[in-house]
Amino acid sequence: VKEQVTEDMLNEVVNIYLTETETITHLDMPGISVSVDADDAEAIKERNNRYAELCKNRMGNDKYMDRSMQAFIGASKSKQVQCDSIVMVDTACEATTWDMYDSFYGAEQDKTELTAEPEKSGYSESIVNSSRGPEKTTSLLSTTSIGNTTLEDDAADPRLILQSEKFQKVLLVMERCILANIFQPKLAAYRQLPIVEGKQWLSPHRSIKHNVVTPETMEHREEDVERSLSPTLESLWVFSCELTKGRTISCMAWNKKNPDLLAVGYGEFDFRDQTPGLVCCWSLKNPTWPERVYHCNTGVTSLDFSAKHPYRLAVGMTDGTIAIYYVYSQDKTCAVSSSKCSKKHYSSTWQVKWAEQDMGLSGDDKEEALMSISADGRISKWFLHDDLDCVELMRLKRMQEEKDEMETEVKDKKKKGEILRSLNAGFCFDFHPVDSSIYLAGSIDGTIYKCSSSNSQQFLETYSQHFGPVTRIKWCPFNPNVFLSCSLDWTIKLWIQDQLTPLLCLTSTQKQVHDIMWSPKWATVFGAINEGQMKIWNLDYSTLDPVIVHMAAPGVKMTSLLFALQTDCVLVGDNSGQVTVYQIKNFTVGEGTGTVPVV
Amino acid sequence: MASEVEETLKRIEGQRGVVGTVVCNADGIPIRSSLDGVATAQYARLLRKLTVMAKSAVRDIDPQNDLTFLRLRSQKCEIMVGLENEFLVIVIQNLHQ
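Quick note, the sequences are listed as chains W and P, same order.
Under our numbering, think of the first position of the first sequence as 1, with each following residue one higher.
Under our numbering, think of the first position of the second sequence as 1001, with each following residue one higher.
It should be emphasised that the hints constitute simulated quantities derived from the structure, not laboratory data.
All C-beta atoms, glycine included, are put in the ideal place defined by N, C-alpha and C.
Some clues are possibly wrong.
[Unchecked claim] For lysine to aspartate or glutamate, the following DMTMM-like pairs were computed, each having C-alpha atoms within a straight-line distance of at most 20 angstroms: (1) Lys166/W x Glu1086/P; (2) Lys169/W x Asp1066/P; (3) Lys1010/P x Asp1036/P; (4) Lys332/W x Glu1007/P.
[Unchecked claim] Residues from chain W that keep clear of chain P, each with C-beta distances beyond 10 angstroms, as calculated: (5) Met59; (6) Ala71; (7) Leu193; (8) Leu236; (9) Thr333.
[Said to hold, decoys possible] Among chain W residues calculated to face chain P with C-beta under 10 angstroms, some are: (10) Thr96; (11) Trp98; (12) Met100; (13) Tyr105; (14) Pro158; (15) Arg159; (16) Gln168; (17) Gln330.
Same shape as in the complex, but just chain W (with noise of 0.2 angstroms):
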């Protein structure tokens, strides 16, 4: 019985395998020709002999007749086969290191994270991949070999990506290089990096324009270095930008780690004026936009960044609250205040600055600790625990009522509460650069007292020279017994620490005197800020006059001044919420030793 052949069956795909036999061979090629050596070659040779002349013979001999015959010739068909069509694919492999390097630590990283779908979409992913062309190899081989989840993070939103702290981060330094390329001459200049003559690169400032130097320009410029020998300031940059404008700076700080961070404070002097105040810490890396702006609720007044905790800055008010700030986070608000503290400053706090103290009665424990001086005429210590709390130091006691003070209370001692309103409002205040206990601190009335940390109750030394408030005091940092203080009477005096009599009395024009600083560099020389002039001192060159004078830009006040610690910089904030940064150029000091000879 034959079989039943179904449908299924004639589609089935049928192996036929040929093979051979003992007798059915799959091809059959006899040779033609045979070797020299064999054994029949001679039978064979005449053979071929015999047949050659029997072809010779053959023509007109009679043994051989030519007769014709007809053979079936078969139809022939032509057929046509289709198959379908063969695809080439060309395909490339590169093995890189990082490839390699990918392949072993990334699996090892990606086994947790390997589940079933995950690969199945990798490979679905990698069929679509090939079609794209060449560039994709690279990317199709790690995919397949990893079969990792990375693929599923390209599809990420865009919004996700604009929103990452990455990105954030990489704009940051996008920020920072576009503006190297355009302060690059200034911030070498300030950095007392070479600068590179030639074409000029993009100027900060609009109004300037530069053109390619020329021979005739570089002859130009020579004479004019010629002529300009004597000591100038030339504008570098300023710091500046939207929410600083009109604006009063009213103190500066240099981070004690960071040399590239200044903390600067915005607070209007007059008490009217009650704007609220601002912080803003810039970064030489970028002169037009903050790191940081904290908004305060009232105008700032001091600012001293710690030198143990390099990222707490604090900051002084003219409500009297003192801030720290955390500079490091980006959290806008500040860590802690002292406005809930119940001896907190109830007047403006003048100046705050960090200092190192003895904790301990050995005198070895030093820890640091913030100290202020405010218009109510107190000066204190104030510790961070969970928050702020102070303890107080000194009363700015007037010398008249003192003396009162010692009358009376041979006769009445119950006469406490006059005390609190008869206390000189303080100024400003200077811890000695060695010895860290005795401060000096200058008051409204142009006292200025010397004082102990560890004598609560009376003051060292009084020195009563100033006709006018006393606005900044300054050790110098090279003499230890040496001082100058500045005041509203428009005279800087230059003091010795035990003489009551000052040793110097400089005034160059009658304006009050702002600010006050030495410079960090050379003994002998100081800035001086009055309302409309900068004023760089040199006591070794001359002591009647400036060695430098800089007139700030019309209907600008210059308010505060800042030497840079490691460059020849200044920096000059005045009242239209500009930092400028100049640079002290052909300044020659003798060789001093900062010993100031005792008249």
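Place chain P on chain W using the hints.
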């Protein structure tokens, strides 16, 4: 966060000499750009190729290292590319007035 990023981008775009900025994702598809469509596509495409090669070069030398920033300075301008795994930030700045 988003507003700060926006502000920073706006500041960058407003800096002296900056011609334009392009932000694209890891595949080179522009997400955000201040240039016109043709220029954006061109910069994104060309710089993506270049950054892939540069990244490969850096990692070939030391596989634990990675490329973070690429600056291309030419006669007329400077092209700066900030790189991360997920995105690319391209800024073009003209160097002369």
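Now the hints, each set against the structure:
| no. | hint | verdict |
| --- | --- | --- |
| 1 | Lys166/W x Glu1086/P | holds, 9 angstroms |
| 2 | Lys169/W x Asp1066/P | holds, 16 angstroms |
| 3 | Lys1010/P x Asp1036/P | holds, 17 angstroms |
| 4 | Lys332/W x Glu1007/P | holds, 16 angstroms |
| 5 | Met59 | holds, 82 angstroms |
| 6 | Ala71 | holds, 72 angstroms |
| 7 | Leu193 | holds, 18 angstroms |
| 8 | Leu236 | holds, 16 angstroms |
| 9 | Thr333 | holds, 16 angstroms |
| 10 | Thr96 | holds, 5 angstroms |
| 11 | Trp98 | holds, 3 angstroms |
| 12 | Met100 | holds, 8 angstroms |
| 13 | Tyr105 | holds, 8 angstroms |
| 14 | Pro158 | holds, 4 angstroms |
| 15 | Arg159 | holds, 8 angstroms |
| 16 | Gln168 | holds, 6 angstroms |
| 17 | Gln330 | holds, 9 angstroms |
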